[in-house]
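Trainee: Letter by letter, the chains look like this.
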Amino acid sequence: MITCRHYREGVLEDETPFDPSEVAAARKAGTRVWLDAIEPTDEELKHLQDSFGLHQLSIEDSSRWGQRSKVEFYPEYVFVVSHGLKLDEGDELADSQVHLFARQGVYVITVRRKPVLDFEPAIKRMQGEQGMQHEGIGFLLYLLLDEIVDGYLDTIDRLEDLSDDIEERVSAEDAEAGTEGLAQDIFRLRQTVVRFRRLASPMREVLDRLMEAEGIVTPTLAPYYRDVLDHTIRVTELMDNIRDLLTAARELQLAQVSNRLNVVMKKVTSWGAIILLPTLIAGIYGMNFRHMPELNWKIGYPMALGIMAGAAFLLYRGFKKRDWL
Amino acid sequence: MITCRHYREGVLEDETPFDPSEVAAARKAGTRVWLDAIEPTDEELKHLQDSFGLHQLSIEDSSRWGQRSKVEFYPEYVFVVSHGLKLDEGDELADSQVHLFARQGVYVITVRRKPVLDFEPAIKRMQGEQGMQHEGIGFLLYLLLDEIVDGYLDTIDRLEDLSDDIEERVSAEDAEAGTEGLAQDIFRLRQTVVRFRRLASPMREVLDRLMEAEGIVTPTLAPYYRDVLDHTIRVTELMDNIRDLLTAARELQLAQVSNRLNVVMKKVTSWGAIILLPTLIAGIYGMNFRHMPELNWKIGYPMALGIMAGAAFLLYRGFKKRDWL
Amino acid sequence: MITCRHYREGVLEDETPFDPSEVAAARKAGTRVWLDAIEPTDEELKHLQDSFGLHQLSIEDSSRWGQRSKVEFYPEYVFVVSHGLKLDEGDELADSQVHLFARQGVYVITVRRKPVLDFEPAIKRMQGEQGMQHEGIGFLLYLLLDEIVDGYLDTIDRLEDLSDDIEERVSAEDAEAGTEGLAQDIFRLRQTVVRFRRLASPMREVLDRLMEAEGIVTPTLAPYYRDVLDHTIRVTELMDNIRDLLTAARELQLAQVSNRLNVVMKKVTSWGAIILLPTLIAGIYGMNFRHMPELNWKIGYPMALGIMAGAAFLLYRGFKKRDWL
Amino acid sequence: MITCRHYREGVLEDETPFDPSEVAAARKAGTRVWLDAIEPTDEELKHLQDSFGLHQLSIEDSSRWGQRSKVEFYPEYVFVVSHGLKLDEGDELADSQVHLFARQGVYVITVRRKPVLDFEPAIKRMQGEQGMQHEGIGFLLYLLLDEIVDGYLDTIDRLEDLSDDIEERVSAEDAEAGTEGLAQDIFRLRQTVVRFRRLASPMREVLDRLMEAEGIVTPTLAPYYRDVLDHTIRVTELMDNIRDLLTAARELQLAQVSNRLNVVMKKVTSWGAIILLPTLIAGIYGMNFRHMPELNWKIGYPMALGIMAGAAFLLYRGFKKRDWL
Amino acid sequence: MITCRHYREGVLEDETPFDPSEVAAARKAGTRVWLDAIEPTDEELKHLQDSFGLHQLSIEDSSRWGQRSKVEFYPEYVFVVSHGLKLDEGDELADSQVHLFARQGVYVITVRRKPVLDFEPAIKRMQGEQGMQHEGIGFLLYLLLDEIVDGYLDTIDRLEDLSDDIEERVSAEDAEAGTEGLAQDIFRLRQTVVRFRRLASPMREVLDRLMEAEGIVTPTLAPYYRDVLDHTIRVTELMDNIRDLLTAARELQLAQVSNRLNVVMKKVTSWGAIILLPTLIAGIYGMNFRHMPELNWKIGYPMALGIMAGAAFLLYRGFKKRDWL
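Chains as they are written, first to last, in numbering that gives the first Met the number 0: chain Y, 0 to 324; chain B, 0 to 324; chain F, 0 to 324; chain Z, 0 to 324; chain V, 0 to 324.
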């Protein structure tokens with residue numbers, strides 16, 4: 000499904016279905032158009048290619064997915080592949096790839112597939128910012144890229160929350176419960192961070208190259224694009240931060256597991272000694288020697304029990320003192 | 000065995016055995032030729048060298064193998080060493096080295112050895128793409144390189160499947176079985192990834208240098224070569240991703256082994272106490288003191304058994320509560 | 000709250016509330032002004048923007064926080080985001096962001112929010128250094144940046160003290176106590192260092208770019224800015240040093256935990272053998288065979304006890320010798 | 000001992016003892032000479048310095064050893080320090096440093112010390128390659144450097160064999176034997192690799208700089224030097240490969256040690272239970288209660304033995320099923 | 000205390016106390032002077048500043064210490080901060096900071112503080128090398144820097160000895176003793192290496208920048224400075240080597256600790272079984288069943304002892320075979 004929006008005098012009009020003849024008329028009248036293709040079929044893509052003279056290879060890229068974020072400069076237009084990223088309810092990374100074709104003064108074409116990135120906030124801003132109407136296509140492109148990168152910042156915020164959770168759990172980990180779960184949660188969050196980083200970090204180069212190229216980013220727009228670029232840099236830095244934290248958390252968790260093993264081993268030894276020593280005493284008085292005077296004592300039995308209890312208690316106190324129990 | 004294909008007016012003709020005089024005729028007529036040598040003997044190589052004026056050193060490179068991927072510019076031709084890579088049925092990396100000599104407007108020579116890389120798909124595309132007939136040798140070279148790099152993407156897909164398997168196994172690893180095998184599988188996959196990376200990553204530089212050099216890559220061909228370059232970059236990034244995942248999986252697996260040791264140690268302690276405490280009680284009533292009133296009680300024996308069972312049960316419940324069992 | 004200070008003939012006058020008309024008059028008279036906004040409201044920021052023609056985006060940056068340190072060059076002024084850093088009493092990192100707008104020969108505007116960085120020392124130095132009065136805004140900016148970076152050096156000093164503490168504890172760690180706490184303390188200090196580094200290190204680029212840019216840093220001022228730059232480099236190096244130390248400390252601590260486990264296991268074995276061997280002997284003389292001559296000996300019982308004690312003692316000595324106890 | 004070889008019309012003549020006057024005559028006649036000093040005394044070096052006007056510092060470098068590979072350009076000659084590397088029978092790295100002085104069109108001087116690198120293969124090639132006689136000194140230098148770098152490739156081959164051995168041992172490590180030796184062998188091989196890398200890797204820069212410099216490497220020689228350079232790059236890459244493999248092997252070995260500890264602990268627990276449970280039963284029937292009906296049963300004793308055997312068997316089967324034994 | 004040496008016609012005269020008027024006279028006469036301030040007071044520094052027109056900031060640097068090695072170019076002189084490094088008897092790093100001010104053709108000023116670096120060898124060389132008298136200040140500066148960097152090489156030699164010691168201990172570590180000490184020694188040496196590296200490595204940049212700058216390093220001096228630069232590069236490389244070795248040693252040591260734990264655990268199990276099985280047998284014959292025929296056999300008792308000994312021996316041999324004991 001391809002819809003079309005006309006951008007006249009800095010006002011973004013409502014969307015209409017895509018009609019090539021109308022677009023041709025608009026081009027003649029100098030109106031910029033924004034064509035938005037959601038889950039286009041191959042014919043629709045072919046249609047777009049013919050109407051706007053797009054290169055075979057960039058259309059092929061748009062029918063295949065899983066491309067890395069990149070910008071390519073063709074003689075008549077630029078082609079941007081970008082990834083809208085979001086965490087879903089299960090904190091899994093949802094990747095909404097967006098392809099953008101932009102020709103200064105003429106058109107922006109966006110191709111989206113499921114999960115479809117929401118462009119509503121960008122559309123609202125386009126309708127609102129009257130002062131930028133002369134910037135045309137470059138400003139439209141900025142708003143869309145800004146929308147995408149703002150999504151990165153939201154994702155980072157959530158990832159930071161998740162990593163703070165882990166930091167807390169790992170620091171509070173005196174209790175024995177949940178250790179295995181913790182290692183797995185660290186592993187899963189780290190995987191998410193690695194995937195996010197791989198998808199998000201090439202945006203920096205995309206913006207760098209867009210700013211260097213002539214035509215799209217006018218001097219008036221430069222601070223805006225620099226602002227988006229700045230956000231991508233910050234995203235990368237925060238990512239590194241989270242990765243670092245997760246590494247440290249994992250190491251602390253390993254250290255604690257080792258520590259706990261030590262603690263457990265000491266308990267094994269201590270309780271073993273506390274049970275085995277009385278057993279030895281019981282064994283001694285279970286011997287069948289004819290001449291064992293204690294056996295005939297009236298207080299022999301309570302005495303033996305007393306010795307056992309006393310030995311156990313002394314061991315217990317000794318181990319307690321040395322912090323083995 | 001050297002076969003020859005003529006590329007006339009954008010049409011690739013069927014292969015014929017290599018005949019130098021025919022090639023010379025074709026050169027005069029301006030027809031481009033593709034010579035394809037599979038497992039050539041030293042004489043055949045010498046033959047090629049003399050017919051096309053190839054440099055001694057590049058022919059020497061072509062008789063020895065194990066070279067890293069590279070491109071070398073000689074005054075009259077370029078020489079490309081590349082590695083076709085594939086995973087065989089045992090998921091072992093199969094390395095099919097391909098050497099390419101290309102002279103703009105005149106010839107492409109390919110030298111292949113066992114395991115021989117399959118060029119059929121590239122040949123099909125050559126016969127199909129009519130629009131590019133004026134691009135000649137550069138386009139032929141692109142198709143061959145694209146074929147090679149597409150093989151990398153297939154390999155990566157398989158490697159990603161294998162690493163997803165490992166990720167699943169490591170995450171599901173509550174069961175105790177298969178732990179040792181897992182560490183070894185991670186090790187083996189990592190070795191494969193390292194080897195793949197070493198062989199595949201120099202292709203990026205090869206393509207970079209081909210694109211910078213004049214003569215081979217015409218402006219019309221540039222997007223095509225950029226596309227291949229893009230694939231090699233993606234391959235490298237996906238490789239890093241897999242390596243990162245494997246590192247994390249290995250660390251999680253180590254953490255789980257440590258965790259499990261803790262669990263086992265707690266069980267040792269718990270069951271030890273549960274068995275040893277009744278043993279102590281049995282030892283007590285096995286003592287030979289004359290004055291042990293319980294021994295004469297009618298209910299002495301069942302009482303003793305009851306105490307043993309009770310002590311064991313209490314311990315069992317206590318350990319269960321503290322999650323030691 | 001916005002206050003204003005006039006800087007006339009190298010003398011910094013006392014602060015007055017911000018009055019736009021007065022500032023306009025001062026600008027005409029060639030007096031430089033320093034406007035200092037502490038926790039400004041959005042209206043106050045708007046006010047500043049209108050009076051000094053600041054760009055919408057830099058004002059937006061100043062109302063949002065959590066920006067990374069950066070410098071941005073607008074046609075009429077430079078905009079610097081920087082982070083004053085300090086360790087509070089609990090050795091937590093306190094981040095006092097400071098935004099600076101500077102226009103050569105005209106004004107410096109500082110925006111601070113809680114926790115507010117103290118500028119008193121910088122103000123004292125401004126009033127003191129008479130020789131630099133002709134350097135104007137660039138010198139004011141230097142003093143403020145120097146103040147911020149000096150705070151980094153103080154923080155580093157404290158972090159080095161903390162890491163020396165850990166180094167000592169880890170080296171002295173013969174005693175068994177405090178091991179778990181140690182791992183956690185290393186973890187926490189490392190987190191602080193990572194955060195500090197992330198916030199402090201971009202200052203290097205800020206200073207680099209300020210020095211490269213024309214207008215702000217005059218040749219006379221260059222050594223001063225170079226001095227600040229030098230401090231930021233030193234801060235980064237010392238950070239790396241501390242991180243390295245903490246990594247080493249963590250590893251040593253892990254090695255010690257493993258070592259200690261070995262020691263504990265040897266003790267388990269040793270004491271186990273020392274108790275179990277006499278138990279076996281007691282078991283032997285507890286057997287009910289009719290024909291056990293020792294049982295009838297007068298010295299049978301003391302002999303058995305003697306054998307037990309002797310076996311235990313021999314084992315004890317043996318283990319002691321092999322350093323297992 | 001210094002010997003001299005004349006290189007006339009592309010033919011390398013037999014060696015004669017070094018005679019300065021003869022060398023001077025040869026220089027006049029335009030014959031190139033190759034002086035080869037093996038373990039020269041200080042006087043011999045002084046002699047060479049005076050005859051050829053070598054700089055004090057490069058002669059000092061030639062009397063001291065342990066220099067890193069480097070190239071230095073003096074106005075009249077180039078000075079190359081290089082390391083011939085070989086693995087001796089104990090697979091220890093043998094370092095044969097070679098110093099080369101070369102002046103285009105005039106001389107090559109080589110200084111070698113024990114263990115002396117063998118130049119025979121290079122001499123053979125010099126006598127063989129008639130086509131290159133006009134390249135003179137640059138070609139001689141190429142042959143010597145190629146000889147050195149070929150030695151690196153041989154060493155790498157051997158190191159790869161050794162690392163493949165370790166890979167196999169680590170993968171086959173189901174057997175318990177040889178574990179400690181394995182860790183040590185990995186350690187030793189890694190040390191060798193690190194040393195090799197440190198000595199071999201600067202050769203890359205040496206060749207880069209030689210190729211950039213004018214005078215030595217003529218266009219005809221460029222492919223030859225590029226070939227050597229290529230080999231050094233390949234050496235570095237293979238080194239990294241081996242290091243990576245060794246790291247992975249070490250980690251796998253650690254994982255296996257941990258795994259095995261788990262296995263051992265489970266066996267301890269299992270066998271402990273299998274022995275201790277019958278012991279408890281024996282203890283129960285060793286109690287001295289008057290009223291224990293089983294004691295009077297005829298089948299009491301075999302029944303007790305049967306219960307013991309049955310309990311042990313049930314435990315054994317249970318543990319076997321859970322893979323603890 | 001400031002002393003002064005005149006350097007006339009390549010001869011370094013004996014030291015005299017610093018007398019400004021004398022220095023002024025010497026300057027007029029074209030004699031170069033070397034002023035050497037050991038532990039100067041603030042007034043003495045002020046005195047130097049006024050006499051030679053040194054910049055306030057470089058004098059401030061000279062009164063504070065702990066600066067990183069750096070070179071700063073002022074219009075009239077260069078200012079070098081460097082660190083003389085040595086290992087004291089306890090193998091602790093002793094840091095002797097040296098500040099140098101040099102003005103081509105006029106003066107070198109050195110400022111040293113405790114622990115004072117010894118300049119005697121440099122002074123001897125100055126008095127000896129007659130050939131360089133025309134190089135003046137640049138040559139003096141070279142000798143001082145060479146002295147400092149030679150100290151690095153000595154330190155590295157000692158560090159390599161220490162790390163070889165550790166390598167040997169870690170390789171020989173079959174004996175159980177000294178393990179904990181080893182981990183700590185590795186830790187301490189690593190700290191020393193890290194500190195050394197941090198202080199020594201910036202010297203490379205100092206020399207790079209000195210050689211690039213005009214005025215100080217004349218073409219005649221270039222090989223000498225390059226020689227010093229070469230030494231600093233070698234120092235850095237050797238450092239990395241040692242760090243790498245220490246990392247490997249630490250890892251091997253950890254692996255050995257884990258291995259040894261395995262060995263200990265197997266011994267625990269083995270000895271446990273060897274003691275517990277006879278105990279079980281004793282327990283069986285300690286049961287009070289009326290009908291236990293063996294109890295009445297004459298050979299019952301020796302038979303029981305024999306079974307015990309036999310069981311223990313069989314277990315012992317079995318464990319020995321499997322290498323558990």
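In case anyone wonders, no lab produced these hints; they're calculated from the structure. Each hint should be verified, as a subset may be incorrect.
Which copy is meant is left open, because identical chains are indistinguishable; a pair holds if it fits in one copy or across any two.
What the hints assert, rightly or not - Straight line, CA to CA, 20 Å or less: simulated EDC-like cross-link-like pairs of lysine to aspartate or glutamate:
#1 319 <-> 14
#2 123 <-> 59
#3 45 <-> 229
#4 297 <-> 59
#5 113 <-> 21
#6 69 <-> 226
#7 69 <-> 207
#8 27 <-> 91
#9 85 <-> 75
Trainee: Does each hint fit the structure? Answer for all of them.
Mentor: Here is what the structure says about each hint:
1. 319 <-> 14: neither (77 Å within a copy, 65 Å between copies)
2. 123 <-> 59: between (31 Å within a copy, 19 Å between copies)
3. 45 <-> 229: neither (36 Å within a copy, 23 Å between copies)
4. 297 <-> 59: neither (101 Å within a copy, 91 Å between copies)
5. 113 <-> 21: neither (28 Å within a copy, 56 Å between copies)
6. 69 <-> 226: Both ways: residue 69 and residue 226 sit 19 Å apart in one copy and 11 Å across, limit 20 Å.
7. 69 <-> 207: For residue 69 and residue 207, the Cα distance is within 20 Å both inside one copy (11 Å) and across copies (16 Å).
8. 27 <-> 91: Neither. Shortest intra-copy (46 Å) and inter-copy (60 Å) distances fail the 20 Å Cα cut-off.
9. 85 <-> 75: For residue 85 and residue 75, the Cα distance exceeds 20 Å both inside one copy (32 Å) and across copies (38 Å).
In the structure shown, a violation is registered for the earlier hints numbered 1, 3, 4, 5, 8 and 9, in ascending order.
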